[in-house]
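Asks: Residue numbers (the working numbering), protein chains in the order written: chain Z, 547 to 892; chain H, 19 to 354; chain B, 19 to 326.
There is no bait here: all hints are sound.
Which chain B residues face chain Z? A few, computed with CB under 10 Å, are given here:
| id | residue |
| --- | --- |
| 1 | Arg158 |
| 2 | Glu161 |
| 3 | Ile166 |
| 4 | Phe168 |
| 5 | Ser177 |
| 6 | Leu276 |
| 7 | Ala279 |
| 8 | Pro296 |
| 9 | Val304 |
| 10 | Leu305 |
| 11 | Ala306 |
| 12 | Phe307 |
| 13 | Thr308 |
Just so you have them, the derived chain Z footprint on chain H, three or more residues with Cβ under 8 Å:
| id | region |
| --- | --- |
| 14 | 69 to 78 |
| 15 | 104 to 114 |
| 16 | 134 to 142 |
So these bits of chain B aren't anywhere near chain Z, every CB distance computed over 12 Å:
| id | residue |
| --- | --- |
| 17 | Arg40 |
| 18 | Gly104 |
| 19 | Leu132 |
| 20 | Leu318 |
The hints are simulated quantities; they were obtained by calculation from the structure and are not laboratory data.
A virtual CB, placed ideally from N, CA and C, is assigned to each residue, including glycine.
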Amino acid sequence: MSLVADPGLVSESEDVQTRTRGYASYLGLKVLGAIGSLMFMLVVNFFLFRVLPGDPARTLGRGRLTTDAQKAAFNKAYGLNQPLPEQFWTFLKNTAHGDLGISIQYRVPVSHLIWERLWPTVLLVGTSTILATVIGVYLGIRGAWKRGGRFDKISTSLSLTLYSMPEWWLGLMLIAGLGVGFWFVPGIFPTGGLHSPDVNPSSLHGILDTTWHLVLPVTTLTLAYLADYSLIMRSSLLDELGEDYLLTARAKGLRDVQVRNRHAVRNAMLPTTTIIALNIGFVVSGAITVETVFSIPGLGLLSIDALQAPDFWVLQGFFLVASAGVILANLVANLIYGWLDPRVRT
Amino acid sequence: MTDPSLLEIRDLHVTYATGEGALPAVRGVDLTVDRGQIVGVAGESGCGKSTLASTILRLQPVNATVTGEVRFNGRDILTMKWGELRAVRWAGASIVFQGALHSLNPVHRIGAQIAEALHVHSSGLGETTVTGRIDELLGQVGLDPERARAYPHQLSGGQKQRVMIAMALACDPELVVADEPTTALDVMVQAQVLSVLSDLVRDRGVGMLMISHDLSVLADLCDRITVMYAGRVVEEGPAAKVFADPLHPYAGALSAAFPRVGDPAARFAPAGLPGDPPDPRHLAGGCSFAPRCPRAADVCLPAEPELVTYAEGRAAACVRIGEPRSPAERSRDHHA
Amino acid sequence: MTTTNESTGTVPVSARRLTRQRRVAAWKRGWAQFRTHRSGMVGLGILVFFVLVALLAPILASSQGLDVTTANGPVLGAPSGHYLLGTDENGRSVLTLLIWGSRISLFVGLLATLISMVIGTLLGLVSGYFGGWIGRITFRLTEWFLVIPFLPLAIVLASVLGRSLFNIVLVIGVTSWPGTALLIRSQTLSIKERAYVERAEAIGAGRWHQIGKHVLPNVMPMVFANTTLTVAIAILSETTLSFLGLGDPTRTSWGSMLDSAFEIGSITTGSWWYIVPPGVCVVLVVLAFTLIGQALEEVLNPRLRARS
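Whenever a hint applies, use it, and build me the whole structure from the sequences.
Replies: Structure below.
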């Protein structure tokens, strides 16, 4: 932005950058950016596993591959004796075909394993995100609108405390309090698992049982996310409340509620929506700890198992899916933002 | 009983509660606007003129305490019920705000923002009526009706201010308050916007309260001018007289701050006023202008001067008016 | 430069001294404002307490209490007069572990933040200050790192690099800088527009000179506020990584305490003294940094201040 103004007469009729690039080209740019990020992630993924450890056969075998012949067989099986560029090409080709290798631990294709374990995670994180969004946004709006009031003080301190808490520790506390029970209070909820071992998860009984099992983990994640969302919503609404256009809206004779809902909240939702969409991208990684604590057989628990094994290809596939999720969510966040806010499209 | 004035402000005090103590922004202001009359309020930033503007529609921030009366058609806005107040807002009196660039909601189309005002004040308007009215309004301020579909960021500063004017006139108000309607615009655009505004106001016989730091602009457009300093009225009178022959030294300084075309003296001595306006939180007793006043004397210090009528329709708050000037003062004024 | 300034002697106060005086005055003003933030002061109080505990750890509890072989307390003994917070599965005092654990948590949090700040500030400055391809590449790089999911990367790195304190610091430092970089970038962009930088450019000041003299001092306050918030996140991350068993097995941190407590089933056996206190400590320290960071942000960001 140049501050040097034309000293001559500036004609009023001139339009200030009226030509909009339009949503389509904005979209195109964002998609290109996402593809760039994806390529970067593939490179990182490839090098992390092949270059950093030096000798993957030794690292991965963890002493189980003792003889040279065994090592050679291992290297040959995973294509690790080819030159690096060739390996990368193979890696790209395989990944494009959805071939992520075979799990050393389970002896099944990694892609099948990930697909199967994705659903518990999506169920857990999806439900929590929806609940946290609704409650968090509500708390943020109410707090900001009556800033400094009793409600605001309580909800802000609560959110800050939850924000400062490792979510898995909160989960542990919930298990101790509501699952195991303490003092003379009996536990009510199951302490772990997706459903009881003896029920068919697709029967009505099984669905109810699964819901019952998900109460504590979903509560844990909801509380953890909610803290974020209510703090963000509150601060972006507070930002909006100082804006001049709200004074215009009030001067027009709108009711307080109308000023809040049609103008202030609508605009404050922009940053909040972006953050929520971004957070969904961390679906995969977000559930690692909570799945561990509640032993829910999702992607997070899979990654921890793979780490302990160690299961090279599962870890690689997991990392790929996790980062792809973030990139996709990032793209969606950008698209929503562009759709909601006309300013970024031009 | 005679017909009440359109807007009658009596002994208005507005005080903000701040972290560093009470801040009296407006201290006992009287002001009247009649139907079809344009009244200007002049003063530096911080003199309380914008606070005055927002108080007229009871839009002052929550930390403000307001006493006095703001009578609109005889009814006191400050004590009105909320429902009644909402009806007066925009349909009775509308505001063209200072920050033209930020006074429109960035995520709504401008047509929708004008339509919102229409819908609030007359329920059950048909879609075509509203669209027709928006087209008409945009046409009146010299904008292409097509622009109704534009977002604020797609318009220039001057265009945005025209939209604000169109919006202010949407519900046919009896009073328009214009709070520095042209500050953010460059000179040519300023002139255009001002002429659009004053023409529309004159055509409709609407009353207007126009607030500006620029006395020369007010002198051109207004019937009467009120000059404010540190929250008080220091001079009031017919626009041309206040500008050309100010009574109060502060009004004199404001008037001299804007060079007149064809006046060589002003051209060679562009006068500014030394110093800054006082901090309203820590006002010393006596005339609050005294510390910056070229004519200050001991007589100014004991008490804040009252607004006194000096001639037909002219009043000023200065104890030294009418006193003979010393030769030294005269020569100083000449240079100032 | 200073010598010429001093030797001329015609200027009573050198420009450099004047600048320093102004900065000192600015810090004083900032502190006066910070003091009015009750939550910020509460955070500061909590933080001072934990820093003192960490520094005085050898005085408060002998490091011998960490040694598994010499521990002679009861196994998972409940709190008693001798063991105020009970004992762990090896008979060590939980209080001793907590005191020594504060060192690791604070150390990792601060060191990781330092790494993150250095990378973030540098890349933010470069991508904001330089246009052209340098700026574009650094900005892209920042965006790319922003989408690397932290925990999965940490898991992968732990599996390929091995488990050590240094690796934990590295992982947290390397993954947490992009946010800082973006913040610094936007600040730099706005400062670049200001008149004095343009003036400096006009009189031919070098780029790095400009960055050091004009841009950096002005972004520093924001870096400072951001740092405290990053420390909070870094400490949380350390705890989580240690809990997942990715931490240094030879050192006791609050995260590793929680890991062992979880592993031995403290929840079901009801040995709350082993699993509640470390969590409470984490919450308090993270909360302290968050409160301080928020108060600082409000002091340093006039836009936020205006809305109070």
